[in-house]
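> Quick note, the sequences are listed as chains B and P, same order.
Positions in the first sequence are counted from 1; adding 36 to them yields this note's numbering.
Positions in the second sequence are counted from 1; adding 1341 to them yields this note's numbering.
Treat each hint with caution, since some may be false.
As the list claims (entries may be wrong) - Under 7 Å between C-beta atoms, here's a sample of chain P residues computed to sit facing chain B:
(1) E1350
(2) I1356
(3) R1414
(4) L1423
(5) T1424
(6) P1426
(7) V1427
(8) G1506
(9) S1523
(10) P1524
Because the hints were derived from the structure by calculation, they are not lab data.
Owing to the predicted nature of the structure, the values given are computational and were not obtained by experimental measurement.
Each residue gets a CB set at the ideal place from its N, CA and C atoms; glycine is no exception.
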Amino acid sequence: MSEHSAVAAAALDHLSKRYGATLAVDDVSLQVRRHEVLGLLGPNGSGKTTILRVLTGYLRPGSGSAQVGEFDLVREGRAARGRIGYVPEDAELYRHMRVNEFLVFMGRLRGLAGDQLNERLAFVRERLALDDVGATIIGRLSRGYRQRVAIAQAIIHEPELLVLDEPTNGLDPRQIIEMRGLLRGLAAHCSIIVTSHILSEIERVADRVAILLQGRLLAVVGMAEIVSAGSDLERTFLDLTADVRSI
Amino acid sequence: MLRALVAKEIGALFISPVAYAVITVFLLLSGYSFTVTLLVAKQASLVSVFFQAAVEFVLLVPLLTMRLFAEERRTGTLELLLTAPVREIEIVLAKFVAAMAVLLAMIGLTLSYALVIAVYGAPDWGPIYSGYLGLVLLAGSLASLGIAVSALTANQIVAAVVSLGIFGLLRSIDSLASLLPSPMDNWLLGLSLLARFTPFATGAMYTSDFGWFLALILLGLFLAVRALARR
Chain B
37 MSEHSAVAAA ALDHLSKRYG ATLAVDDVSL QVRRHEVLGL LGPNGSGKTT ILRVLTGYLR
97 PGSGSAQVGE FDLVREGRAA RGRIGYVPED AELYRHMRVN EFLVFMGRLR GLAGDQLNER
157 LAFVRERLAL DDVGATIIGR LSRGYRQRVA IAQAIIHEPE LLVLDEPTNG LDPRQIIEMR
217 GLLRGLAAHC SIIVTSHILS EIERVADRVA ILLQGRLLAV VGMAEIVSAG SDLERTFLDL
277 TADVRSI
Chain P
1342 MLRALVAKEI GALFISPVAY AVITVFLLLS GYSFTVTLLV AKQASLVSVF FQAAVEFVLL
1402 VPLLTMRLFA EERRTGTLEL LLTAPVREIE IVLAKFVAAM AVLLAMIGLT LSYALVIAVY
1462 GAPDWGPIYS GYLGLVLLAG SLASLGIAVS ALTANQIVAA VVSLGIFGLL RSIDSLASLL
1522 PSPMDNWLLG LSLLARFTPF ATGAMYTSDF GWFLALILLG LFLAVRALAR R
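Bound conformation, chain B alone (with noise of 0.2 Å):
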């Protein structure tokens, strides 16, 4: 692991990872910068959820390490995860559990109980604006409203990063520009790796942005440095994956 990564909220060093036959990401080394929001950003297939999902605990490394803090995931795996509010793509939660016991619940899995229990509870139902609904089956709540939860249990632990895989999906545009809100604010307190195929929508709320291609990073880049040079994610955007589809 490099020098670099005991400042990182996060760091991937060399990651590689399989299915099979298929190489899904290749030799990727990334770092998430305290409180930035880092944009993962490449067409359908170039291995976007399967490095949130190795950064999350959910997958384990094929080769290479990744860490969150200071924590290894393979070694210090729960260490890690604690330290982690992961929403993923789709969010699916319990539908059956009322928006209270769901949070409740997700609370208990941190291992928060009592007045801290009850407290970052009462903070996310307010942040999130769920207070209308905690008493609500979480299968009869809408789309907007099912993706604030998800948001609402990956923070309630106060995370040191929140990875959020496709947040925007489904969302209609209301939904889509609180979103964004919701995401700079939560900057202030974690840091974010964000994905999302809309580059737009990357555009709008990231720091830095990293273009993934076919498994491999092609680039990471700040939004400053590219406004700075007179350009737009887009055009950055099709310059690089051209080079690489050229070759």
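Fit chain P to the known structure of chain B by using the hints.
Then chain P, alone, in the frame of chain B:
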């Protein structure tokens, strides 16, 4: 943490109509067996109930265990559990405890039969105690193996069918033993759930049978943990 997981699993099992259907069918069939023994054979005994319950467990436990992991894998909620700071063994144990809660409720409800024969007859309590212990051990073995199978697939029907196949084979493998020469017939008999359960149901308890059921329970839990860890 384990308590939260167990509460969630028990809630999920009892919110589904499957648990109620399984309990109802079990009680109807074992009640029929008890009534016939009492009224026709006029015996103050639960031996026939125990054997009937053992057959019912082989058929019904797969219906209880099939969804425990397969459903979570299919819907994606398993990802939430496995990315939380919990151990795989805690997740598996919670599901095992929840399945056992349903099975113990089923077994517990049959205690009313023991109450009836205690009031109207003079039963020999030894076989009744050992029979109930045997039922609990059998239920635990089947539940842990069923959970292990469920952990391997995202399809509930596949989990149920494979579990049923394994349970059926383990129950009836003793009939194949008679075709084999010694000592292989004994080895095969040793694998039979029926051969291991029969002494309990008839009032004889052997530590080897007790150990066999405990080993099956531990094997099932171990396989389930390994299935979860393989990712």
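> All the hints need checking, so say for each whether the structure fits it.
Outcome of the hint check:
1. E1350: violated, 11 Å
2. I1356: For P:I1356, the interface hint holds, since the closest Cβ of chain B sits about 5 Å away, which is under 7 Å.
3. R1414: P:R1414 check fails; min Cβ-Cβ to chain B is 11 Å, beyond 7 Å.
4. L1423: holds, 5 Å
5. T1424: holds, 4 Å
6. P1426: holds, 4 Å
7. V1427: holds, 6 Å
8. G1506: violated, 27 Å
9. S1523: violated, 46 Å
10. P1524: Violated - the Cβ of P:P1524 stays beyond 7 Å from chain B, reaching only about 43 Å at its closest.
The structure shown violates the earlier hints numbered 1, 3, 8, 9 and 10.
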